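Peer 1: So the chains spell out like this:
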Amino acid sequence: MRRVVSGSLYLAVGALAGVGSAVGAIEIYGAVPVAPESPWMSFEVSPNSPVQPYAVAHFLMAGRLPPALGQMREFTSQRSSDGGVLSSACDYELVAAPAPAQWWSLSASGGGKSEPDTVITADMAIAENDGSVRVVVSRNANPGNWIRPPAGEAFTLTYMVAEASTSQAGGVLPAFAIARSRC
Amino acid sequence: MRRLFWILAALFTGIAAHSGFVLLVPQLKLNHAIARVSAATGPNRFFMLPADDQLRLFPSYPPMSVMGACAFDVSQGPVELSANLPPGFWTLTIFDSTGNVLFTVNDAQSGTGSFTVNLARAPSLIEMLKASGSDEPSDLTGWKVSTAETTGLAVIWQPAVDAAELPSRSQSLAQSLCRRSPKPA
Chain A
4 MRRVVSGSLY LAVGALAGVG SAVGAIEIYG AVPVAPESPW MSFEVSPNSP VQPYAVAHFL
64 MAGRLPPALG QMREFTSQRS SDGGVLSSAC DYELVAAPAP AQWWSLSASG GGKSEPDTVI
124 TADMAIAEND GSVRVVVSRN ANPGNWIRPP AGEAFTLTYM VAEASTSQAG GVLPAFAIAR
184 SRC
Chain B
-17 MRRLFWILAA LFTGIAAHSG FVLLVPQLKL NHAIARVSAA TGPNRFFMLP ADDQLRLFPS
43 YPPMSVMGAC AFDVSQGPVE LSANLPPGFW TLTIFDSTGN VLFTVNDAQS GTGSFTVNLA
103 RAPSLIEMLK ASGSDEPSDL TGWKVSTAET TGLAVIWQPA VDAAELPSRS QSLAQSLCRR
163 SPKPA
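As they're listed, the protein sequences go chains A and B. Under this note's numbering, the first residue of the first sequence carries the number 4, and numbering increases by one thereafter. Under this note's numbering, the first residue of the second sequence carries the number -17, and numbering increases by one thereafter.
Hints should not be assumed to be uniformly reliable.
Said to hold, decoys possible - Here are the in silico distance ranges between beta carbons for each label pair: (1) 8(A) x 126(B): 43 to 51 angstroms; (2) 5(A) x 128(B): 26 to 34 angstroms; (3) 24(B) x 156(A): 49 to 57 angstroms; (4) 11(A) x 159(B): 37 to 45 angstroms; (5) 90(B) x 131(A): 26 to 34 angstroms; (6) 39(A) x 1(B): 25 to 33 angstroms; (7) 1(B) x 157(A): 29 to 37 angstroms; (8) -6(B) x 53(A): 15 to 23 angstroms; (9) 184(A) x 90(B): 48 to 56 angstroms; (10) 33(B) x 8(A): 48 to 56 angstroms; (11) -3(B) x 156(A): 55 to 63 angstroms; (12) 132(B) x 101(A): 17 to 25 angstroms; (13) 35(A) x 126(B): 18 to 26 angstroms; (14) 21(B) x 11(A): 18 to 26 angstroms.
Unchecked claim - Sample of chain A residues with no beta-carbon within 12 angstroms of chain B, all distances over it, derived: (15) 6; (16) 10; (17) 23; (18) 40; (19) 49; (20) 58; (21) 67; (22) 73; (23) 77; (24) 86; (25) 135; (26) 139; (27) 165; (28) 178; (29) 185.
No lab work stands behind these hints: they were computed from the structure. Just so we're clear, the structure is a prediction, and the values are computed from it rather than from any experiment. All C-beta atoms, glycine included, are put in the ideal place defined by N, C-alpha and C.
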């Protein structure tokens, strides 16, 4: 009897460790930094990627579908360019110089839900005189391009950009630098 | 020795639980989401995705968009999806029931807003071996997509520049058809 209980305990620990490592791997393995110093992460949903099952699972577990490879690429960031964690207590200025050539969208989500409160897209954004695009992320209303992050502490920025062609898959990088402007 | 046996058994249980979770749980969540959005129409029918479902399934897509979808099931035979979209940027993406993208195309790649996609179950290895090997003529028009998974979701997305465009774009997209193919694949 003791052996059966002991054996079952081993199996239960093994199963729990397996599920726990799967949940962790879905969050960690799927996301790959786009460049060594960049705050932007990309989820490698390409079938050629060894982490593809984890990357696809990352989207499905959040109740959403992955971006269509060859049409859209999606990048997320939970940090500013100086490495600080994005917080709704601070204001951030996102600058792309020059403006992205393809259609794009930017949104901020957090507070336990994946749906963003506001989304700004290439169609809505107003470019600066020098051709750059500046987007302010702040809880307070701002003139120009403005995203309101969700209430609470940490939030995630999501940048989605259309790919010009399938031959450029993997070649589009996030154009926006994330500068903390005020806390 | 007995302890080593149980440690190895725990290790294999952990590997099985890890793989099972990564491969099955996300798929179950996706199938649940597909069943929920297509509950009113059922499989192989085209429907417009309401704004809240758009936001849930594609949170980084702009709110000023129109989206239509078809929850296809090719287990009983091929399914065809036809659309006639107005000029402008649009994408068609076909996901299988595991969340993998089977096929995707946009307005520039397509060259036309009027298209038909024929979805069919991919033949198994035994079916391929049994096939005669002759190139049988096909009377299918449009693109053909074969899938090993028999179910999935085809989504057409078209963004609108302003809110005034939404009703006309929505009306055009709603004319799209998804049905069991009357022609054999």
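Peer 1: Mind listing which of the numbered hints don't hold for this structure, in increasing order?
Peer 2: 1, 2, 3, 4, 9, 11, 12, 13, 14, 15, 16, 17, 19, 20, 21, 22, 23, 27
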